[in-house]
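A.B. asks: Sequences listed follow chains A and B, in order. One rule links them: number in this note's numbering = place in the first sequence (from 1) + 10. One rule links them: number in this note's numbering = place in the second sequence (from 1) + 9.
Incorrect hints may have been included.
Derived Cβ-Cβ restraints for the label pairs, each shown as a range [unchecked claim]:
(1) A:Leu42 <-> B:Gly19: 48 to 56 Å
(2) A:Ala38 <-> B:Arg146: 37 to 45 Å
(3) A:Arg100 <-> B:Met25: 40 to 48 Å
(4) A:Gly22 <-> B:Ser197: 14 to 22 Å
(5) B:Asn138 <-> A:Ala20: 24 to 32 Å
(6) B:Asp33 <-> A:Ala20: 38 to 46 Å
(7) B:Thr74 <-> A:Pro84: 37 to 45 Å
(8) B:Leu69 <-> A:Arg35: 35 to 43 Å
(9) B:Arg89 <-> A:Asp135: 34 to 42 Å
Derived DSS-like pairs (lysine-lysine); straight-line CA-CA distance at most 27 Å [claimed, not checked]:
(10) B:Lys122 <-> A:Lys182
(11) B:Lys135 <-> A:Lys182
(12) A:Lys31 <-> B:Lys243
Simulated from the structure, these hints should not be mistaken for lab results. If you're wondering where the values come from, they're calculated on a predicted model, not measured in any experiment. For each residue, glycine too, the CB sits at the ideal point set by N, CA and C.
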Amino acid sequence: VSSYLQKYHAVGAHLPGSGEKAILRFFASLDLADWQDLLADISLHQFNAYDVIRPASQDFLVATARALFARLSPQTRALAARALGRLLVRFTRDSERDDQAATELLLMAVSFSESAAAVRTLVIDPEVSRSVRAEAARVLANFDELESFWFRLDYRELPELAPSMVAALATKAPLKGLQLLASLPKQPCPTAHLEYPVKAAIEQLLSSRAGKIVLLRLFNNLPHWATPLFAGVLEVAGKTQTTAQSEAALTDWGFSQTALAWKEVAESTGREEGSAAHLRVRRTDLIEGVKDLLEQWSPSPGPEDVPLETRVQLFERYPSRTALSALIAIGAFQIARLRGVPAGKSDGEHLALLILRAISSHAHIVSMANADKISEPARALLVAYRDLLRSASETKATAPVALEVLLEHGVRPRRLGAYIVRAVASGSLPVSTCHRIVLKFRDEAFVDDTFRAVGEELRKSKDRRLVVAIGTKIYDHSIHLMKESSHGLSVEERCAIPWRSKKVSRLRRLDPGRLLAMPGVRKGVKKR
Amino acid sequence: MSSYVHACKGFSDDEMRTIDARFDVWTLSLPHMRRIVRNIKKLEYFLHPDRLHQILASLLAARDTAAEDISKVYFAACIRHACEGGKVTCRPLPPAVSRAVESDTFFNWFCQKYRTFYPNEALARKELNEILSGRPRSATENSLPMSEHAAWVTWTPKDSRDDPIETMTSALLIRACLGLDPEARNASEPILLLIYATPSALLKPTIADAELHYQFEPPPKKERKYGQTRPLRKGLARRPEAIHQAAPLSLFRSSRTVMP
Numbered sequence: 011v012s013s014y015l016q017k018y019h020a021v022g023a024h025l026p027g028s029g030e031k032a033i034l035r036f037f038a039s040l041d042l043a044d045w046q047d048l049l050a051d052i053s054l055h056q057f058n059a060y061d062v063i064r065p066a067s068q069d070f071l072v073a074t075a076r077a078l079f080a081r082l083s084p085q086t087r088a089l090a091a092r093a094l095g096r097l098l099v100r101f102t103r104d105s106e107r108d109d110q111a112a113t114e115l116l117l118m119a120v121s122f123s124e125s126a127a128a129v130r131t132l133v134i135d136p137e138v139s140r141s142v143r144a145e146a147a148r149v150l151a152n153f154d155e156l157e158s159f160w161f162r163l164d165y166r167e168l169p170e171l172a173p174s175m176v177a178a179l180a181t182k183a184p185l186k187g188l189q190l191l192a193s194l195p196k197q198p199c200p201t202a203h204l205e206y207p208v209k210a211a212i213e214q215l216l217s218s219r220a221g222k223i224v225l226l227r228l229f230n231n232l233p234h235w236a237t238p239l240f241a242g243v244l245e246v247a248g249k250t251q252t253t254a255q256s257e258a259a260l261t262d263w264g265f266s267q268t269a270l271a272w273k274e275v276a277e278s279t280g281r282e283e284g285s286a287a288h289l290r291v292r293r294t295d296l297i298e299g300v301k302d303l304l305e306q307w308s309p310s311p312g313p314e315d316v317p318l319e320t321r322v323q324l325f326e327r328y329p330s331r332t333a334l335s336a337l338i339a340i341g342a343f344q345i346a347r348l349r350g351v352p353a354g355k356s357d358g359e360h361l362a363l364l365i366l367r368a369i370s371s372h373a374h375i376v377s378m379a380n381a382d383k384i385s386e387p388a389r390a391l392l393v394a395y396r397d398l399l400r401s402a403s404e405t406k407a408t409a410p411v412a413l414e415v416l417l418e419h420g421v422r423p424r425r426l427g428a429y430i431v432r433a434v435a436s437g438s439l440p441v442s443t444c445h446r447i448v449l450k451f452r453d454e455a456f457v458d459d460t461f462r463a464v465g466e467e468l469r470k471s472k473d474r475r476l477v478v479a480i481g482t483k484i485y486d487h488s489i490h491l492m493k494e495s496s497h498g499l500s501v502e503e504r505c506a507i508p509w510r511s512k513k514v515s516r517l518r519r520l521d522p523g524r525l526l527a528m529p530g531v532r533k534g535v536k537k538r
Numbered sequence: 010m011s012s013y014v015h016a017c018k019g020f021s022d023d024e025m026r027t028i029d030a031r032f033d034v035w036t037l038s039l040p041h042m043r044r045i046v047r048n049i050k051k052l053e054y055f056l057h058p059d060r061l062h063q064i065l066a067s068l069l070a071a072r073d074t075a076a077e078d079i080s081k082v083y084f085a086a087c088i089r090h091a092c093e094g095g096k097v098t099c100r101p102l103p104p105a106v107s108r109a110v111e112s113d114t115f116f117n118w119f120c121q122k123y124r125t126f127y128p129n130e131a132l133a134r135k136e137l138n139e140i141l142s143g144r145p146r147s148a149t150e151n152s153l154p155m156s157e158h159a160a161w162v163t164w165t166p167k168d169s170r171d172d173p174i175e176t177m178t179s180a181l182l183i184r185a186c187l188g189l190d191p192e193a194r195n196a197s198e199p200i201l202l203l204i205y206a207t208p209s210a211l212l213k214p215t216i217a218d219a220e221l222h223y224q225f226e227p228p229p230k231k232e233r234k235y236g237q238t239r240p241l242r243k244g245l246a247r248r249p250e251a252i253h254q255a256a257p258l259s260l261f262r263s264s265r266t267v268m269p
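Pulled out of the complex, with its shape left as it was, chain A reads as follows (with noise of 0.2 Å):
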């Protein structure tokens, strides 16, 4: 007869009406190889587990004993855990292995995660059959475990583990754990497995207005076998994936009659993107969108509201979203400065805003302008998205909010000085206020080679009215703007520069060639 057995009729817990200290005490009584005793009867279905654990039913034995052992002491459950650690250790030693037993102990295994670390042992060892390493994975899959160990599992070799990689992430790493799952060349397991781990990992993803946007990109760029998986998912079947996406996504974010109207003017934009001429002709029918989105946007948005933001995101991931979202960027901002926009933070300036940074995701098509080949929608959007900042630096109040994305998005320095010239040149931007703006964002390094910049764009310019207007304002850089800018000028128009620092002036009657010789002027200029 086991010993856990005589404990158990010793303490009593086998009479009627025991109660629930009595088959705790018992647990309380038992040692380690009590436990092991137990728990290996228990795996293996035999009468004297079903004695003492009493399920209700013969199919509900691991059920009920797992309720109890949720009733441990912890001293108790540490006991027990190590237990069915040793047990799962001595599994993967035994010749003769007994596959059956040892899910048996998985399946009890999900109560201590303890023993998480003899799981993960049967998970990475490959002598072990797959069928117990899809089922430790499965009660990993229930712990706190770190992300980097889904990821090191081959998924191609063991595809039965993906269910449990995406459902073991979902809560964590939800998108994570799909773009792994997509990765994969074809489906790893049956639709019913994946199902409902897919499920949890996009409802987390859902949860977010972030992830909502991800969600969407990731739909995009999802392999054949997964897409009717993910369409399943959204019980969207019988229609497109993309559209079906768009209008849970549209529902679901509460959008309006016009929007999902919109909705069909981005898809029959779609269907002909690539076409430059469409983009024009399209052009006047998307301005009278934005003024809906205008109408609909309130700049304190209440708790039902959606934010222009979200709205404008939405349409720059349509199917055609690179024709769209320039589209739309460029109708709003002719909106806005329809409007008359006023001085400071008016609601027209903070929409420029959006609507820049809504589009400046794109900025990476302007870096394809140097590209052998470009397609004409990327082209056309490159032409679309440098018309919007030329003509928002032309423009007082849109100036400093276009300065403000492009440093946000991490533009050059040479670029940047252009930009300023050209703010500075139009009058719609003071220099002193680009100083302003390029200092909140960057270290001074990244001022002195801006406005070295600056001086590089002035020499090309040969614009005098130019060089005396920025000169006259930057005090702390017209040291690099002297020595760049006063290439090309004669000496005369040199001096006629009223520099305005002192230390500046003294050396406006030098010759360039001395002034770039002469020690100091980098870390600026010594009194004599």
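Got chain A sorted already, so can you dock chain B onto it with the hints?
C.D. replies: Same frame as chain A, now just chain B:
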């Protein structure tokens, strides 16, 4: 005559004396087993005598005669003859039946049984909670059985004066009515009531279905349409009782968690 009387006909006097001796050992060591012996000898009518004969024969063939060993042999024999009590004969059948389960245990079982669909328990519990709260079920969900083997159910007859079990507000009362958890280990745990459309075949429960559950008692001789519960408290009326093979979730109607 009970099934036992017919079942004994195939045994010699010596064999019957041996069987009785084993029953005596059993009841002396484990007093609560007296109820089971009484059920076998006097109250069981639904189980076919041939099947009871085989159960007794396995007791006779047992090598060890310790009480625990007799329990073990009897348990194994019962499993072989489960779900053989015949169909419930009352007409019309109740439109819906109720199944009372320990809430935690049922959730654990569900997570364990359908772990290929729900790889972790948080997911399984969330989905099960949603299903139990009545959200529309997918075709896959509808096909999932609500038990592995047979399940015990009860219902309130139309002409009964008893409280319908579906509206009872105390888990302890439900346990007492249905004779659940006689060891009172789970007295502090909630009960989950699953209410679903009556499966096509409701079966009369027998001693073989009850296995070693000593709280079970076959119904009185005059009540042969279905089984009856044996309440744990005095003053509570017996309720109709039946078993059925695993039923799919498509039959599920509603559920209620009843706190102790």
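A.B. asks: Evaluate each hint against the coordinates.
C.D. replies: Taking the hints in turn, this is what the structure says about them:
1. For A:Leu42 and B:Gly19, the hinted distance range of 48 to 56 Å is satisfied, since their beta carbons lie about 49 Å from each other.
2. For A:Ala38 and B:Arg146, the hinted distance range of 37 to 45 Å is satisfied, since their beta carbons lie about 42 Å from each other.
3. Our hint of 40 to 48 Å for A:Arg100 and B:Met25 holds, since their Cβ atoms are close to 46 Å apart.
4. Under the hint 14 to 22 Å, the C-beta atoms of A:Gly22 and B:Ser197, about 19 Å apart, fit the expected range.
5. Range check, B:Asn138 to A:Ala20: about 40 Å between beta-carbon atoms, so the 24 to 32 Å window is missed.
6. With their beta carbons about 24 Å apart, B:Asp33 and A:Ala20 fall outside the hinted range of 38 to 46 Å.
7. Taking the beta carbon of each, B:Thr74 and A:Pro84 are about 42 Å apart, inside 37 to 45 Å as hinted.
8. Range check, B:Leu69 to A:Arg35: Cβ separation about 37 Å, and the 35 to 43 Å hint holds.
9. The hint said 34 to 42 Å for the Cβ distance between B:Arg89 and A:Asp135, and at roughly 38 Å that hint holds.
10. With a C-alpha separation of about 25 Å, the suggested pairing of B:Lys122 with A:Lys182 holds against the 27 Å cut-off.
11. Proximity of B:Lys135 to A:Lys182 is assessed by CA-CA distance (about 17 Å); at most 27 Å being required, the pair is judged to hold.
12. With a C-alpha separation of about 24 Å, the suggested pair A:Lys31 and B:Lys243 falls inside the 27 Å cut-off, and the hint holds.
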